[in-house]
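Letter by letter, the chains look like this.
There are 2 protein chains.
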Amino acid sequence: MLGYNGKILRVDLSSGRMNVEEYGERFYRQYFGGRGFNAYVQMKEVPAKVDPLSPENKLTISLGPLTGIPASGSGRSSVGAKNPLTGGYGEGDVGGFMGAELKHAGFDAIIVEGRADKPVYLWIHDGEFELRDAAALWGQNTLEAQEMIRAELGDNRIRTAMIGPAGENMVRYACVINDLKHAAGRCGMGAVMGSKNLKAIAVRGKGGPELADAKLIGEYARWFGKNFMELAGGMYDLGTSGGVPNLDATGGLPTRNFQTGTFEYFANISGEGMKNTILIDRENCYACVLRCKRVVKVDDPYTVNPLYGGPEYETVGALGSCVGVGDVKAVAKANELCNAYSLDTIATGTVIAFAMECYEKGLLTKADTDGLELRFGNAEAMLAMVEKIARREGIGELMAEGSARAAKQIGRGAEEFAMHVKGQELPMHEPRIKQGLGVGYSVSPTGADHVHNIHDTTMRPGPGMDRLYSWGIQVEPLAFNDIGPEKMTYFTHAVNWASLQNCLGMCIFIPWGQDRIVDLVKATTGWNTNLFELMQVGERMNTLCRAINVRDGFTAKDDTLPKRFFQQIGDPKPTTDPLDPKEWNDAKQFYYAAMGWTPEGVPTRVKLQALGLGWVADELGV
Amino acid sequence: MLGYNGKILRVDLSSGRMNVEEYGERFYRQYFGGRGFNAYVQMKEVPAKVDPLSPENKLTISLGPLTGIPASGSGRSSVGAKNPLTGGYGEGDVGGFMGAELKHAGFDAIIVEGRADKPVYLWIHDGEFELRDAAALWGQNTLEAQEMIRAELGDNRIRTAMIGPAGENMVRYACVINDLKHAAGRCGMGAVMGSKNLKAIAVRGKGGPELADAKLIGEYARWFGKNFMELAGGMYDLGTSGGVPNLDATGGLPTRNFQTGTFEYFANISGEGMKNTILIDRENCYACVLRCKRVVKVDDPYTVNPLYGGPEYETVGALGSCVGVGDVKAVAKANELCNAYSLDTIATGTVIAFAMECYEKGLLTKADTDGLELRFGNAEAMLAMVEKIARREGIGELMAEGSARAAKQIGRGAEEFAMHVKGQELPMHEPRIKQGLGVGYSVSPTGADHVHNIHDTTMRPGPGMDRLYSWGIQVEPLAFNDIGPEKMTYFTHAVNWASLQNCLGMCIFIPWGQDRIVDLVKATTGWNTNLFELMQVGERMNTLCRAINVRDGFTAKDDTLPKRFFQQIGDPKPTTDPLDPKEWNDAKQFYYAAMGWTPEGVPTRVKLQALGLGWVADELGV
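Taken in sequence, the protein lines are chains W and Z. Yeah, the first sequence ends on 625 if you go by this note's numbering, and it's all consecutive. Yeah, the second sequence ends on 625 if you go by this note's numbering, and it's all consecutive.
By construction, these hints were calculated from the structure, which means they are not laboratory data. A hint or two may mislead.
Remember, identical chains collapse to one label, so a pair may be satisfied in a single copy or spanning two.
[Unchecked claim] Only pairs whose alpha carbons sit at most 27 Å apart, straight line, appear in this in silico BS3-like list of lysine-lysine:
1) K566 with K585
2) K300 with K278
3) K10 with K209
4) K411 with K369
5) K525 with K121
6) K47 with K560
7) K585 with K560
8) K411 with K218
9) K525 with K411
10) K10 with K560
11) K525 with K218
12) K10 with K411
13) K332 with K300
14) K10 with K47
15) K229 with K525
Full structure from sequences and hints, please.
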């Protein structure tokens, strides 16, 4: 099958049984890959309300048709499972090289089920696969474990998807780390790996599927290679943190647990600040010319190993401004620790910020914090917290459960300081400033999420943006704090499009434009597809993820947002009013209706059938 | 504006005032043209429940961006007004040369409002326009009137959109005849012209808008010129009646007022039959290589003037099998009369068939029929009826009102024999055989309609069909009598697509395929559009037409079908069961829901807003 291997590896860790399954072209064309395949497995094979950390949960590593094609942005893959933070749909999405390697090793996805008696890792190479003992790897940080695997198998080019101690300890927001620095960060996928005693997946592949028109893909790739500096040069130069000064200026830089939106040390942690201090190199994902990934080196007062990469925007926000830390070296150290232990930097930072606010407001004392002076801005305390969380030591035991569960246990109003939706911590975008994105946090199937969301900034004119969004919708700049019908129409298309990009295995940072994405899918698969079909794929998968949550008992009431965001931002110079509860609720209801869901947020039978998901309607009983 | 003139001519017949209006690119890109512009005017400018034959009604002649481009299928235009048969949304769509001529004369549409004191015609040439006295033309058949206009203006290449006596007499299904043989047939647009004392629109144009990429359009045109025989050669060879034998064989040839689906004389009236007898030539519409139009000549026992063209499939059905007439010469004569008098051949045949069944069942007698022996198969009686209807003479006065109104007046169960939906007569497709199309009759905004409908046959594999429907939906052959969710999903997309083709001014017979249609729009307008945007245009306009009817008081109860189609077809060899009322209702409800309408068939505010029609939601008060 062009663009696909047509093979999916199923691994039952309980029995050790492994087999290769073939689903056929019609299946692929409906579900495509990425979250499409994750969601299919979660709905079809995983029972409702299953404990995400039980052997009944299933973990999928899913590639899209574009994963591993020789063109920028093709490094993406998606890790899926029921979500230890929310109990509902879960996935962590990731760039790097692992996805391409797995594609070239002959598979489109892996399904991991059951639980191994003792630690194992999965070794896949060019169509072969085996489970291997991981006793010696267990307890190791990701760098050490990767080195051991490469040594054991005698190949230094092996790619790894791995957990460190945080995953082993089932920290609910442990992530899966690919090649030490690419995190499938959200939704606690590392905890699921840990619960299964699966330390790592190691992959080496030199083949892969034929492409329908490799020459054409090469032409597109060369075009982007020639033009990327003009189209997205800022991403190369300053990385994802390039926008920090602008966020600070508009009051949209989450600071001190979202109490304010400006941070006095913003310049230190910005892309420019990093470039002028600790940046030693830029790195790319598979086949990508953009090189938006940072490499940093610090020797004093911390040592930060460049092999662990460098912090991205979400990290400088979460482990910088959000915890009040303006020392970029401390941020880089925290980033390194998270990658070594397999912790989601977003959730880790947001949880620590929560703990800091609790401490400052007197809900936690030194008796609770193992003596840490857990104030905003205390970099040492922040780094100590990362360690404690990864090892579930002292206060780390409580905080490893995530801010929602911790707040419940602390009580006395702590829940007001827990910045989460459905149990998953907020990324570093201020919902009072980017209000469309705030609605997106509320309705995302994974809990607060920034990847499958509207990025209001992209609605503004800019190089490539007319190409990036060429739906023909009359998109004129709409205010960040506009969440009216026109904005929410665009929002609906935007989240479906983001959902599609995930299914395709294509990075949202590459401004191919929608037409060219269609071209890439055609040149890869040979399918005579078009934007109408592809938008339906995005909508189908967004709807399927919703349906999984509905089956798990989620209702419209769970599509919420911390109370804080309906109150004036505590900033010396607020640039907008807070979210208005009625406007926000109207926007949510608009989105449901535009998606063909009921006012309770339940996909209707007809909508499911019209998307080819009649079997899901039966499953839901709608 | 590339592809458009950017000019719309408004003519107020009451005051004689005329002016040119410019709507701007954003308007055009939302409404495109064709039914898009018709519907916009009917919703925006014509009050709810206005009498379609009053001066308050407005008549629009609307072109699409593709109208008049140098490529096959570009001859289409749409005539719109409130519908004298239904009281709701009305339009008649037409090929030929008039649309292209108007485009080349510098306009994208004409709005005609008010009512002239005395007969006038509108003369438009290369941006100029004037109203001229039509006293001498009034009462003339279309041929004579056209000759008089051409002589008066001294140009034999003038194109005309015109009414004959039937339009003048406001026969409710009078049509607009372009150049003697191209009928904007449905919805009584000729009656509206008559009510306004507007005899004709005469046009001559030698300019027209620039095209974004005329060279590329030329390439596409040449490609189709090379390949049309392979893709659609049957349409050239046998015209639209080529499928008659197959329809007869499957029991789908409406016969004797839809009492049966097979006709013993089918071979006579088929494309093959016509070719072997009266066919003397084939003709094309503007820029089209396909030449699906027939030219026939008959000398005995009738004379049929080839200038009036020849009957198409709908005509050989309506004025052939449906009235039981198997003499193709009589059919051709009836066709000529309809074109001379400006009568919709579909409605005329269906009304006469209704009258014949009433006669045979004893509800009408010779006392009612002016002595006519009005039995099925009586060709002379059929021809006499055409004359009487056009002139509203004798029984023609009653029948000129259409079968729904006539049945009401006759009473005694006559309504069971009136084959109409919402007051508009059925085209020649048997809803028990093509059940998806049967549902389409029910829900069409114009009443029973075959143009904006599913054509189940196109779901079957065939040359060009995989290209014609490339939505990526897994379209495998579905049974004609399947109206389940998969079929209705396809149906929903198909009617929206048909709605789009109308907005574009592109003929549905040309198997460009959807991708190439997108290419043609891009090459014409220069807009960076795509199938997603264009499908939304189709959906937007299908929804807007619905909204017009909702405002006029139509409800789901009006989306009906004659009782006959829920009963076994009266055929010696029925090939399917009749429509099942529950299945049919489920299909209707599926369509409403898939369109984002309530179970009462009312577009929701969110759906309207998401389509950029928030102003319509305000208008409807939803």
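query = What are the numbers of the hints that this structure violates, sorted from low to high?
reply = Numbers 5, 8, 9, 10, 12 - these are the hints that the structure violates, sorted from lowest upward.
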